[in-house]
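Undergrad: First to last, the sequence lines map onto chains A and B. Here the working numbering is used: position 101 in the first sequence is 101, and no number is missing along the way. Here the working numbering is used: position 377 in the second sequence is 1377, and no number is missing along the way.
Some hints here could point you the wrong way.
Computed far set for chain B versus chain A, every beta-carbon distance over 10 Å [stated by the list, open to error]:
id	residue
1	Met1001
2	Trp1238
3	Gly1335
4	Val1367
Derived EDC-like pairs: lysine to aspartate or glutamate, alpha-carbon spacing no greater than 20 Å straight-line [to be verified]:
id	chain 1	residue 1	chain 2	residue 2
5	B	Lys1510	A	Glu103
6	B	Lys1510	A	Glu141
7	B	Lys1510	A	Asp142
8	B	Lys1510	B	Glu1379
9	B	Lys1510	B	Asp1599
10	B	Lys1510	A	Asp35
11	B	Lys1037	B	Glu1152
12	B	Lys1510	B	Glu1526
13	B	Lys1510	A	Asp86
Which stretches of chain A does chain B cover? Using the computed rule of at least three CB atoms under 8 Å from a CB of chain B, they are [stated by the list, open to error]:
id	region
14	14-21
15	33-46
16	59-68
17	77-83
Please keep in mind that the hints were generated in silico from the structure rather than gathered at the bench. The C-beta atom is built at its ideal place from N, Cα and C for all residues, glycine as well.
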Amino acid sequence: MRSSRIRRLGWIGLLVAALSLVVVAGVDDGGLETDAERVQRLSESYACPQCRGQSVAESNAAVAATIRQFISDQVTAGATDTEIRDDLLRAYDARILLNPPAEGITALVWVLPVVLVIVGAMGVAAAVTRNRGTTREPSDEDRRLVASAREGRG
Amino acid sequence: MNALIGLGFVTLGLAASVLGAAGGVFALVTDRLYLLKTIRSWAMLVLVAAVGAFTVMEIALFQRDYSLAYVSKVGSDETPPLFNFAALWSSLEGSILLWALVLAGYLAAMVIKFRSRRDDRLLGWALVVMLVVCAFFFALMVGPANPFLTVEVPPGFNGPGPNVLLQNHILMAFHPPMLYLGYVGFTVPFAFAIAALITGRVGEGWLLETRRWTVAAWGFLTAGIVLGAWWSYEVLGWGGYWAWDPVENASLLPWLTGTAYLHSVMVQERRGMLRVWNLSLLCATFSLTILGTFLTRSGVVESVHAFSDGPIGAWLLGFFGLAAATSIGLIGWRGDRLRSPGAIDAPLSREASFLANNLLFGALAFVVLLGTVFPLVAEAWDGTRLTIGRPYFDSLGRPIGLAMLFLMATAPVLPWRKASTEVLSVRLFWPAMAAVASMALALVLGGRGVYPIVTFGLGGFAAGAAIRQVVLATRRQGWRGFLGRTNGGMIVHIGVVLLAVGLAASESYKSDRTVQLAVGESATIEGHEFTYLEAGADMNDRRLRVFALIEIDGADVYAPATTSFRQNGARPVPTPSVRSGFTEDVYLVLDEVPDPADDSIRLRVIIRPMVAWMWAGGALMAVGTVLALFPGRRRRGTEPVSAPVAVGAPAAGPPSGRNGSNGDDPAATGPTDRGAADSPSGDAAVPAGKDPVANG
């Protein structure tokens, strides 16, 4: 009894410690975004038009370097994220966005997984709670069946 | 000459597969079971054909027999022996040939492994399915992906050699075969699943037969994927290891469904539940390997991996449709026999946690599939052109991954059937302390950001739970506490934690800078000093390598380079140089060929912490898989009444494998019970509600 109370206190302590650590990690996050960090973040969200799968930030291709430079210049000039995005969309096409916009038919890529998880979670919840309160003791018939099955095993 | 012999072998393979399958079906349908033993000879003939065709192709590659179109495409006089050997699978036709070889190997292994059960219907049908799949791949080689087509070449012709990126690193000799051993390995449990559906023996017998095959295939696939990521990191020079490229996604999809299956199958072995679900997962895994091959080999998705386009798209898509339709049709047809004999007792139980696991793996597989095929669907639908890349997969994959880590911590300590919160609070206390300790340690070491810190915490939690299980097992059983599926599985879990922690750290705390350096000049990045010593070049008849010697922190010298291959014209590829360490990797790339005129280079320096943890994690996953293949300890039987029971068994002759294993962890039954055939009838005929299992 005593040990279980100590353990409960221990759990509360652990939970508080974990939460405060997460808060510290989230709040003390290097302050405001620097220009270099912003260039990096933006470069990571645009696709290199010539190398499928890699972002402008990752690719070694010449066109990626050009776009990196463009983003860097725009950031220095004080352009907003949206302005940079619109400029790039004009110069290339929608394929340059690594993150599909949630509009039109493309919204489906965001909606469908969420719907699937919700439906699946409801299914799992139904499966695990279905049997609650309907359990019963094994009957003599059940035990006999098990016994004969075990004998049959030889 | 090579072309003729090769084509002969391929035709032989096709003929033997078709005749073997047809003979098998004839024997099974007309009940002439004594004829089933002929399948064995056909299977061996298929193996001979595959080995023969493979050998002929290798001989042609080494003879530089450019009269073969394939050799003239991927061979060259200068390719060194190892890469020349690996050149066989560097393009479409050869990949299919490798696939056929691996498949024929698995087929022969099945025949040898189950040689004592020549007139077993289940096995007969399983072999028929294997032969049908063999026939498909040999037909591809006779038809649209013929590796032995001939071509006229002028005298003195020299081929281009394999794609330059494929002859830059020794891993190319191991990554594709590993991957194929994994992909193709899932054909074996798939064949048994189809056989179980056809024969109606949908109990647990076929599961037990294929348990080790599935685990082995999963291990190969895991190793293949991790090796591929490592190759991408060491060779491609972009500082990353996973681009969410369609080919990578295609290998991840069957891995995800296969992993889901490995977990949920335990519920069926133990409780007889989830039959339809497990069959569906296996069929999905097999179908996804074919779909993945279609996506990557038909040229429908451009990608850095799609080195070749071919006319075989329709064939692969058709076969995918056939596999999917057959699976769904058979499961529907056998629906009445697949009803579950039991039910899940409580939300807080091992069974329920496996269901949650399956939900997460299913969801992630869905996200990966959707992200891969949606651009194609959207383009076909209304011409929308779009890209789905890392930000999409990251933002949906991260929460799923974190939930998986949480389950990895809690599920292994949960008892079957029903747990009390008291049990959980006792068993999870030490893992929870490990969680908080790893978060605190990460913060002290300078880690920031909610997502990585939570990952480290949940990683510590999961690792704590896995280590707890291993410690308990070894305390009870000594060194045998490392063996068996349960214990090996925990080692795999620890490997997954290492991988997840390395992934989170190397993605979150990456620094990527490009500096211009003149000879003798230094730059300081992230506390490291980089000095450009000098440039140099070495050249052979195959390639020209221009490198820059960079001294890091005044100690070690590294040589990032650019390599121009003769065959590739002028375009050089960057060859990175990596200083790997326990805490961080320093990755040096030259964006462009050093200019001899002005003595200066543009050096890209990528610093990523804990990358090596991912490779260590992958290696540990492989070790854990091997340990899981050993037979585990025979456990003390549980209260028999709480074991699942096949009601029909007493009257129906031989007991099912499930009965034989006493419903306890079937890893415990050892090899002797595995041969037990499950009863042809009645196995699944458990009336709902008649089950003695359902008592809390």
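Undergrad: Which numbered hints are broken by the structure, listed smallest first?
TA: 2, 4, 5, 6, 7, 8, 9, 11, 13, 17
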